[in-house]
Each structure stands twice: as C-alpha cells, then as structure tokens.
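Novice: Okay, here's what each chain looks like letter by letter:
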Amino acid sequence: MKYTEDHEWIQLAKDGDSDIATIGVSAHAAEQLGDVVYVELPEVGAEFDKGDDAAVVESVKAASEIYAPLGGGITAVNEAWEDAPETVNAAPETDGWFFKMKITDSGELDGMMDADAYKTFLDSDD
Amino acid sequence: MNECQMNSQKTKHTQLYDLHVARGAKMVPFAGYAMPVQYPMGVMKEHLHCRAAAGLFDVSHMGQAFIISDDGTFETAAAFLEKLVPCDVKSLEPGQQRYTQFLNEDGGILDDLMVSRLGLEGHQHWIYIVVNAGRKDADFAHINKHLPNGLKLKILDDMSLIALQGPKAADVLSQYIPEAATMAFMSSLDVPIGGIWCHISRSGYTGEDGYEIAVKHGDVQAICETLLRHDEVELIGLGARDSLRLEAGLCLYGHDIDTTTSPVEAGLLWSIQKHRRTQGGFIGAARVQKDIAERPPRRRVGIQPDGRAPAREGTIIQNTDGKDIGVITSGGFGPSAEGPVAMGYVKRRYSRAGTDVNLLIRGKAKPAKVVKVPFVPNNFYRG
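Protein sequences, first through last, are from chains A and B. The numbering used here puts the first residue of the first sequence at 37, with every later residue one more than the last. The numbering used here puts the first residue of the second sequence at 105, with every later residue one more than the last.
Hints listed in this document are in silico derivations from the structure and should not be mistaken for laboratory results. Yeah, the Cβ is synthetic: ideal placement off N, Cα and C, and Gly gets one too. A portion of the hints provided could be inaccurate.
Here are some, though not all, of the chain A residues that point toward chain B, as calculated from beta-carbon distances under 10 Å [unchecked claim]:
1. V73
2. Y74
3. V75
4. E76
5. A98
Please work from the sequences and hints to get the whole structure.
Specialist: Shown next, in the form of structure tokens:
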C-alpha cells in the first residue's frame, strides 16, 4: 500500500498486462473528515490526469475533493456508497475504497510513501 | 462556518476551554474564540444525542449585556430599545423574553438577539440581551451610539453562557430547580443551581425544549460538571449546533441573515408585533413597512434536495428551465432528517412549498423542492 500527501492510499494489482490501482482515503483522513454522509464517485470509463478532482466526499461538516493520485481510466467504483457512506469511517483502508483505475504510468508511484513513511509524515504534520 | 476563517489577532478562550480540551474536543477558531467544533462522539452522534436526551453547549462567546435606566423604570429602558429593534419590548412582563433583530437604516439586519426583562425582585426594570459572538462589539457600539443620557449599557464580560437542550433537559435541571420543569417557553428565572446564582431562560437554538443559563465565570465549570454527571447529558460542539439549528429552520447570522436581508424577506415577520409594524418608530421601519405592503422580491425558504448530496452555502438555485432564481445560505446533512437539508433565498414566485427547483452542485443540476421549515418538528415546552 502506498500513500499520498493528500492522505489517499493506493493498492496496486496486476490484471493481465494492466496495472489496476484501488484508491481510498487513509484512516487519518477518514477521522479528520468526520461522519461521511455522501460520496460522489466518477463514472466508469472517465479518464483523469494525476491530481485531477475525481470524487467528492461530504461529511456532516463539509465537502472535500478526492484527487486522482495517478493518471488513468476508471474501471470500477464502490457501489456500497449509495446506501452506506459511513463505510468511509468504519473501514477506510479496506471496504471503504472509492474507485479503481487502470493506470497509464506505474512510474508515477515511484517515490510515494509506504505505510511507515506515511506515519512519519503524519507525525511531522502535527 | 465561515467565521472559522476569520482572522483574529489573538484567539480568546472561554472559561470552559480546559474542560473542552480535557474531554477531547477538537478546538477551532470561531468569531475570535477557540471553540469546540466536536467532541470524540462526533457531530452525527452529538446531534442525535441532543434530540434524544440532553446536550450541553458552551455559548460563552456570545455577547450578554444589561440595559438599565437611571430612573429605575423598565419603561424608559424599553422605550429606548424599541428605537433599535422592531419587536414589542414595552409589553414584556417580568421574566419574559422575545426574539428580535437590530436593523440598519435600510432595514437590513445588523444582528439577531434575545431580549428579556429580568423577573428578579428589585431588578424588574433591567433589560437583558444576548447577541451573536461575531457581532457583539458592533452591536454594543450601535447601542452606545444611540444611548441617551440616563441609560446605561452594562456589558457582562464577567458572565459565561451555557445551553442545556433536548427532551431530557427539563428532567435534569428540575432536579436542582423544581420550578424549571414548568417554566413557560421564552420565560426566565433568576435562581441558584446548587447554591450558584444563575439566570435561566427556557429557550435555545436547537428546536428542542431546553434552557440557556447565564452564570458568573467563576461558577460555570462547577455547573457544567454537575450537569455532566447525569448520563443523559453530553457535551455538544459547534458542528452539531449548526446541524441542529438548520433542521429547526433557525437563521444563522452572517449566512441566512445579514445587512442585505430584511426581516420580512427572512421570514421573521412573526417576531414583529402588529402595532409595531403599523406604528414603526424603530430604525429600519420604512423598509419593514414597504416589504409588508409590496411583498419583498425574494423570500427565505427551506430547500430539500432529492437524493443524498448536501447542497452547501453558496449553491445556486435554478428553476426547472435552468434560470437562476436564488442561492443556498445554509446547507448540510440533517442527522435527524436523515438526509440533506438546506435553506436559502428564492424569487418570491418560487417560494411556495412544493415548488420544484434545481441546485447547481459541482456544475450539475440536481433536483430539489421548496419546503416548509422546520425539517424536524419543534419540541418546545408548551405547558
């Protein structure tokens, strides 16, 4: 699992020749968001460049953007959100994934933080 | 809560700051104060707890003051205040409270406030007001500017203010003050809680039954700790305070009302008693009378978005033909309404409950309906 400075996580898997990344928000981000009440997901097939707004997560307090941490096309979105947006809070780094994308350049993952580096990042952020 | 972004040179603390921190509050800057936005329970559970049992709020950042006449009469003080507010002050009985607004010359709202006449023997000529935190300095300057000789504004910067709200509030408070159980809505009492003198009014900002309690700074922590010993009572932060008042259809100053809105547009005509509408005699009266005669071009309404996406403040409201007809002034998720809730201003002909409208959320038109507020039934004590 890799993490971004925007508190998103990326889990990479191979699907034949393709690199498929599953994307969600970190447990830290889920806690900061507070109670999630709505998630707006991208359309399957939508293409994003790294850093584009790809989804929106709404908590009781406010709306926050979810960025595409890598460039690529959306292959799946988490249908569970429709009925259970609170899954973001309950299981942010497992069942609480947002979308999967077929990534264009797996090199974009280079230099992203692993779990330990992300923990250090969080500690230094406080 | 855009006040969160307001810059202040030095963030002030209420007397309860240490208590908030000790109980795990997330503190945020609000109107110049460090205030608890939520506790470990979280906004959603805090909100639901307040509707089911009782919530305790620190609202000590709000402004409190007395207006007192040197001649020792209530009438002189009331006659003065009636020049600044459209509500009937003169007819207040001892221990009675009303909701009103300060208006500017154009009839725009400078602030909204509670005004009451003390019921305490020997002090029944004193007028007590509670104003918004972010407006208190401007409000007190406004009062002082108009204050004639022979009247005093006494700012109560030695007093804290807390609110105990929810269906169990009366059960809890009446264990200390039996009279609290049967106090009328919008009435007040000056009595001790466990030996500590308090000014208690049966009012609030949640749509629930409950009390607002003014107490000396040195005593507020003891009162809170006493109340928090009850299992029914939990601390509630600003986050849930906002969702509770929004579901209750209550205005937040600086969002739903401000100097660009008049009381009639804002749907607050109920707070202006009939003889004051006709006789005027307060700053901004001409606008109120014009709005009544001609009906204002826009009205504050409740907006119920279809689906689950909340519509936040600033969201454009369109008619079903895609023409802009208004804007959302408060919006979010209503934990008790179990869905998104909002309010905003629309052109008058779209203000009827049941009107279909669209909300431009992130560039997409999403269907919504104009609805009556509150979104959840008020639960005030009616005796």
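Novice: Compare the structure with the hints numbered earlier in the document and write down the numbers of the violated ones, lowest to highest.
Specialist: none
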